[in-house]
Amino acid sequence: DTAVSQTPKYLVTQMGNDKSIKCEQNLGHDTMYWYKQDSKKFLKIMFSYNNKELIINETVPNRFSPKSPDKAHLNLHINSLELGDSAVYFCASSHIRTDTQYFGPGTRLTVL
Amino acid sequence: AQTVTQSQPEMSVQEAETVTLSCTYDTSESDYYLFWYKQPPSRQMILVIRQEAYKQQNATENRFSVNFQKAAKSFSLKISDSQLGDAAMYFCAYLGGGGADGLTFGKGTHLIIQP
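Sequences listed follow chains A and B, in order. Numbers -10 to 101, taken from my numbering, label the letters of the first sequence in order. Numbers 2 to 116, taken from my numbering, label the letters of the second sequence in order.
A few of these clues could be false.
What the hints assert, rightly or not - Only part of the chain B face toward chain A is listed, based on derived beta-carbon distances under 8 angstroms: (1) Tyr34; (2) Phe92; (3) Gly109.
As the list claims (entries may be wrong) - Under 7 angstroms between C-beta atoms, here's a sample of chain B residues computed to sit facing chain A: (4) Pro10; (5) Gln45; (6) Met46; (7) Leu48; (8) Lys74; (9) Gly103.
Everything labelled a hint here was simulated from the structure, so no lab data went into it. From a predicted model like this one, the values you see are computed outputs, not experimental measurements. Note that beta-carbon positions come from the ideal geometry of N, C-alpha and C, so glycine has one too.
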């Protein structure tokens, strides 16, 4: 009965590949997010999304795109992976944008 | 843009003692929310405590309490009766009133518990 789940937990891939990370929440929340945690453990918002609006952090390269097939899922697609994309990616969800966010377990992406 | 500053990269405390982690933030908003999250070695982000800026009363969750000083833009976390399981990275986070920009995090404080 995991609240926010992500797959895979670990992802190792070559530079230039395209990959996806899946996120699912069973909390009935309306808003989902993607965060990136770099090697120094600094966390930064990438996207916030609900069924009405996608808000993109202006610093996120357009190689990253969130896709939401339904309210419970927000997947992250990354095209043309670069070495600098290596990080831990966290999905989170909240009932509304001002509510507490609950995080998934994270996906450690390593680009070789 | 809002910023969150955690000035203590690392703190160490003896088991059963009390420790306080510091956090300051900068904002021009009057309506916002503040959080402490814990990240143990498992890397799971776990909510510790939440504070609404409009509430004057400091939030408390069992052994965890905050000292919220709105005028000073300070939001410190006090952990009483420290336990080995409290060892983790602790992140202070800010959420603006509209919430559209997501959480803004500090750089974290690594808390070590000495047995």
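Do the hints match the structure? See the list:
1. Tyr34: Check passed: Cβ of Tyr34/B comes within 6 angstroms of chain A, closer than 8 angstroms.
2. Phe92: 7 angstroms, holds
3. Gly109: 5 angstroms, holds
4. Pro10: Result: violated, 10 angstroms to nearest chain A Cβ.
5. Gln45: With a minimum Cβ separation of about 6 angstroms from chain A (threshold 7 angstroms), the hint on Gln45/B holds.
6. Met46: Status holds, d = 4 angstroms.
7. Leu48: 6 angstroms, holds
8. Lys74: 19 angstroms, violated
9. Gly103: Since chain A brings a Cβ to about 3 angstroms from Gly103/B, closer than 7 angstroms, the hint holds.
In summary, the numbered hints that this structure violates are 4, 8.
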